[in-house]
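Peer 1: Protein chains in written order, with the numbering used here: chain D, -15 to 311; chain S, 856 to 1186; chain U, 3 to 324.
Source of the hints: derived by calculation from the structure; they are not laboratory data.
Treat the hints with care, since some could be wrong.
[Claimed, not checked] Short derived list, chain S residues pointing at chain U, Cβ under 8 Å:
id, residue
1, Arg948
2, His979
3, Val982
4, Ala983
5, Lys985
6, Gln1012
[What the hints assert, rightly or not] Simulated pairs of lysine to any residue, SDA-like, Cα-Cα distance not exceeding 25 Å:
id, chain 1, residue 1, chain 2, residue 2
7, U, Lys143, S, Thr1170
8, D, Lys254, S, Arg940
9, U, Lys143, S, Pro984
10, D, Lys254, S, Lys879
11, D, Lys249, S, Glu1057
12, U, Lys213, U, Val200
13, S, Lys879, U, Gly225
14, S, Lys1032, D, Gln82
15, U, Lys143, S, Val882
16, U, Lys213, S, Arg1127
17, U, Lys213, S, Gly941
18, D, Lys125, S, Arg1127
19, S, Lys879, U, Gln214
20, U, Lys143, U, Val273
21, U, Lys143, S, Arg940
22, S, Lys1032, U, Val200
[Unchecked claim] To spell it out: a stretch of chain S is covered by chain D in this simulated footprint if at least three of its residues, at any positions, have a beta carbon under 8 Å from a beta carbon of chain D; those stretches are:
id, region
23, 1040 to 1053
24, 1115 to 1127
25, 1130 to 1143
By construction, the Cβ of each residue, glycine as well, lies at the ideal position given by its N, Cα and C atoms.
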Amino acid sequence: MTALLEVEDLHVEFRTRDGVAKVLNGVGYHVDAGETLAVLGESGSGKSVTAQTIMGILDTPPAFVTKGAIRFHGEDLLTASDDRRRDVRGDGIAMIFQDALSALNPVFTVGFQIEEQLRIRRGMSRKDARARAVELLDLVKIPNAANRVREYPHQFSGGMRQRAMIAMSLALDPEMLIADEPTTALDVTVQAQIMDLLREIQVEREMGLILITHDLGVVADVADRIAVMYAGRIIEHADVFQLFRAPGHPYTESLLESLPRLDLKGQELKTIKGLPPSLTNIPPGCPFHPRCPRAVDVCRTDVPANHRLGLDRTSACHFAEEVVSRG
Amino acid sequence: MAEPILEVTDLVKHFPVRVGVLFKRTVGQVKAVDGVSFTLNKGETLGVVGESGCGKSTLAQVLMRLEPPTSGGARFEGRDMFAMRGAELRKLRRDIQIVLQDPYTSLNPRMTVGDIVGEPFEIHTDVAPKGSRRKAVQDLLDTVGLNPEHIHRYPHQFSGGQRQRIGIARALALRPKVIVCDEPVSALDVSIQAQVMNLLGELQSDLGLSYVFIAHDLSVVRHLSDRVAVMYLGKIVETGTEEQIYEHPTHPYTQALLSAVPVPDPTQRGQRDVIRLTGDVPSPINPPSGCHFRTRCWKAQDICATEEPELVVRTGDHPSACHFAEERTVV
Amino acid sequence: MSDPGAGGAGLERAAAAAVGDLGRVDDSAQRQGKPRSLWSDAWGELRRKPTFIVSLVIILVVVVMAAFPSLFTSVDPRAANLDNYLKKPSADAWFGYDVQGYDVYARAIYGARASLLVGLFSTILTVLVGSVVGIFAGYAKTWIDSLLSRVGDIFAGVPFVLGAIVILTTFNSPTENPSAVRIITQVVLSIAALSWPVSMRIMRSATLVAKQQDYVKAARGLGASPLRIVFRHLLPNTVAPVLVYATIALGAFIGAEATLAFLGIGLRPPVVSWGVMISESRDYFQAAPHMLLFPAGFVTITVLAFVVLGDAVRDALDPKSR
């Protein structure tokens, strides 16, 4: 069975005045209908760039896709025409962003922005589009939707704006939703509401969901599978339970150990020394080796392959089996 | 033995909302801090936690005397903080310092790191004589885990985590007794957060500092705090030791807040108590009458609109500002 | 000893145990190398830009022209020979002669000084006055700010040419012939009086932004006096946009001088400036276009050079590109 979306060996570089930044170095993952893949990584890991490449909204130049394929229902989007990509955008795959205030156009009402899609892409009449827009705002639990549809983004509070953005993304009934840090900018009580909403919508519509985040708590709550990214690579891929119980990569391991826990008052947190690498100057061998507590000579010279640790479970570490059994 | 170093009583800070072209008139008040009282003991960390609009950042500014309070008082080592002027105020500034949130705007981009960390010595010339300043700055950089040889570099040559360390070094220069930390790790990556948190913890035990640690991230607050105060719309709704707050919360807002924080443990899915509040946090310009939380509270009754609940011990062993306070283990 | 692998593993374990301590030290500055202030970064970037180099060279040539005109021509700009009345450009006089028999080329060279001086002093005065008022308005209490902004608005509301005409004719009736120093001073003052609100607004908004920054809060928290805050924290961070404005304004004010001279209220003979030359060519354009074209060309190229320079400087100083 082909996955709904499959990203294969994606390589993207940014060509700037200061050099070429290798932002993605062989990223591959897949998502099926009805399942949630969390793409976990810190800033500079490439998680957002991957999403933007899937959507086809990368700025080219300075970004260039140098290798790889993105298959949606088996069709490679990277070789498709611009028109075809535009078709898929919104209809097949939709995206929501971190900052709703800058993702929504401030000079148009929220209703207009939803209706525009329906009128242009579905040929709906103004009246029908308006009715559908109100329905969508209702769906995302915005109270008094019939009136709020005429308001501007700045008149909504943070959580409401995020809901409006979700409503907008659902207008064309996409099969797959990419959520790029959708709750990072929100208060925690609002975050919980939004994540509940996303989950509800996903289950109802059997959508595939790619959730991009750096928050391990959110991941533990909602994800089915997790792809951990570092320096433009997927360094670990596992089922959510497996990942938390027995991480298979030193980076994941260190990350889990450095988290302050709500339910535990611990002693000093284990830290990961150093900084993520500069993408114009990725170290040779394993990109994590300068910071890895287990690094040995081979790590400095050889790029680790994706070791299979089980069904649908991989880790890009020379010592993956050791790491996983330690857990 | 708990010895109070900072005692805040009924602190209020309202910002007037003004309109007008040349002469502005006041049309409303942003009730940022609306009657806050707490005690910070020597050597301990008081965590102040809350969501946006709760007033925690304004609290930090008022405590640092960057904004004058509208009413209320604060005593530092028994002396009235807000009455101090001139030389006494200068002395106070040495005792209570601040670490700010944004590593990208908290350092003057046109000054070298050495100048930034050395500025406290230039303002308070009696702390370090001119000849010894350079060494003092280098010692400070070393204390926070930075290379003292980088003294001539500029902030943009450092990463976010390192800039926070520079900010901490600056705060330590005058050997303060209390440091107000206003969201010091919120803008940092997860792996860097741990480094800075460890640093703050070490400095506290090495130098005998007391912290007012303000943050919105409950896990971070729990990690560093001895006692915790939960704020909502300008008021403290519950306060106690970290164990009391996290394991025996009695105020519905605290319970909802704890319930909303995702825990990095997938096996707890479906196990935890799920409390979901409706709507967004209301604006501090017109907070609800009586109990500010009543518009989102599932326990709200008539009395909540008419009578403001006071922060006193009701059930359990720590104060809670709710007419219907009831313990509920959420975490 | 004989099995390096085992020794290696032992060392790794020991190193792993020490990671807890090492995690505290954070030695890796992101951009290694010598300390680089934002100014030196900007200069490094500018040096590589061809537009900057070209405009800088043009401006330097003009400055040398103004300072040492004899390097460019040996002809006396005041030598009038009516035999040469309106002669076209030739090998002896590259720009030809004007209506009074002056060598146009020589006058263009010597005219650079007056034009440049007017531009320079106007800019300095505008920037000084505007900055002082702007910093005050940005940093002081709101009612002071409102007051100063309204005053600035009033001045800004006056159309430049009209305002200049009113000011300059008030001080000099059209038949009077003021000395060179006096007329230059008056022109400089008029230009500055009508242009200071622009630099004031730039400085004010930069100050408003700068004073919100956390580092200003931190400085106040340390007990810094307002004077220290203004000079150590605000000024260095607000000077960049004003600098950009100043470079562009210099060019604009040279153009303004030409305008005023053309209208007969600015510099006038015997002072020689590009504006004066353009003014004198007014009635003879059809017969002797070279009288107008060359000084006008000098003005245009100089103004353009300053504008391009200002653009390049602005891009280089833009912190967003860091």
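Peer 1: Hint by hint, say whether it matches the structure.
Peer 2: Verification of the hints:
With a least beta-carbon distance of about 4 Å to chain U, the hint placing arginine 948(S) at the interface is held under the 8 Å criterion. Given the 8 Å rule on beta carbons, the hint for histidine 979(S) holds: about 7 Å separates it from the nearest Cβ of chain U. Interface restraint check: valine 982(S) against chain U, minimum CB-CB distance 11 Å, threshold 8 Å, status violated. Interface hint at alanine 983(S): violated, since its Cβ lies 14 Å from the closest Cβ of chain U, which is beyond the 8 Å cut-off.
Of the supplied interface hints, the one on lysine 985(S) is violated, with its beta-carbon coming no nearer than about 17 Å to a beta-carbon of chain U, more than 8 Å. Look at glutamine 1012(S): its Cβ gets to within about 5 Å of chain U, closer than 8 Å, so that hint holds up. For the proposed pair lysine 143(U) and threonine 1170(S), the alpha carbon gap of about 49 Å is over 25 Å, so the pair is violated. At roughly 44 Å between alpha-carbon atoms, lysine 254(D) and arginine 940(S) are farther apart than 25 Å, so this suggested pair is violated.
This hinted pair does not check out: lysine 143(U) and proline 984(S) have alpha carbons roughly 36 Å apart, beyond 25 Å. Restraint check for lysine 254(D) and lysine 879(S): the C-alpha separation of about 54 Å exceeds 25 Å, so the hint is violated. The straight-line distance between the Cα atoms of lysine 249(D) and glutamate 1057(S) is roughly 16 Å, inside the 25 Å bound, and the hint therefore holds. With a CA separation close to 20 Å, the supplied pair lysine 213(U) and valine 200(U) stays within the 25 Å bound.
With a C-alpha separation of about 30 Å, the suggested pairing of lysine 879(S) with glycine 225(U) is violated against the 25 Å cut-off. The straight-line distance between the Cα atoms of lysine 1032(S) and glutamine 82(D) is roughly 39 Å, outside the 25 Å bound, and the hint therefore fails. Between lysine 143(U) and valine 882(S), the direct Cα distance comes to roughly 19 Å. Compliance with the 25 Å bound is thereby established for this hinted pair. Taking the CA atoms of lysine 213(U) and arginine 1127(S), the gap is near 46 Å; set against the 25 Å cutoff, the hint is violated.
Annotation: proposed proximity of lysine 213(U) to glycine 941(S) holds, straight-line Cα distance about 23 Å (limit 25 Å). Simply put, lysine 125(D) and arginine 1127(S) have alpha-carbon atoms about 24 Å apart, close enough for the 25 Å limit, and the pair holds. At most 25 Å may separate the alpha-carbon atoms for a hinted pair to count; lysine 879(S) and glutamine 214(U) meet this at roughly 21 Å. Taken as a hint, the lysine 143(U) and valine 273(U) pair is broken in the structure, with Cα atoms around 46 Å apart against an allowance of 25 Å.
With a CA separation close to 21 Å, the supplied pair lysine 143(U) and arginine 940(S) stays within the 25 Å bound. Annotation: proposed proximity of lysine 1032(S) to valine 200(U) is violated, straight-line Cα distance about 47 Å (limit 25 Å). As drawn, the region 1040 to 1053 of chain S meets chain D at 9 residues by the rule of a beta-carbon pair under 8 Å; at three or more, the given contact holds. Note: the region 1115 to 1127 of chain S has 10 residues with beta-carbon separation from chain D under 8 Å; the three-residue rule is met and the coverage holds.
A count of 6 residues in the region 1130 to 1143 of chain S with a Cβ less than 8 Å from any Cβ of chain D is obtained; the coverage claim is therefore met, three being the minimum.
The structure fails hints 3, 4, 5, 7, 8, 9, 10, 13, 14, 16, 20, 22 (numbered hints given earlier, in ascending order).
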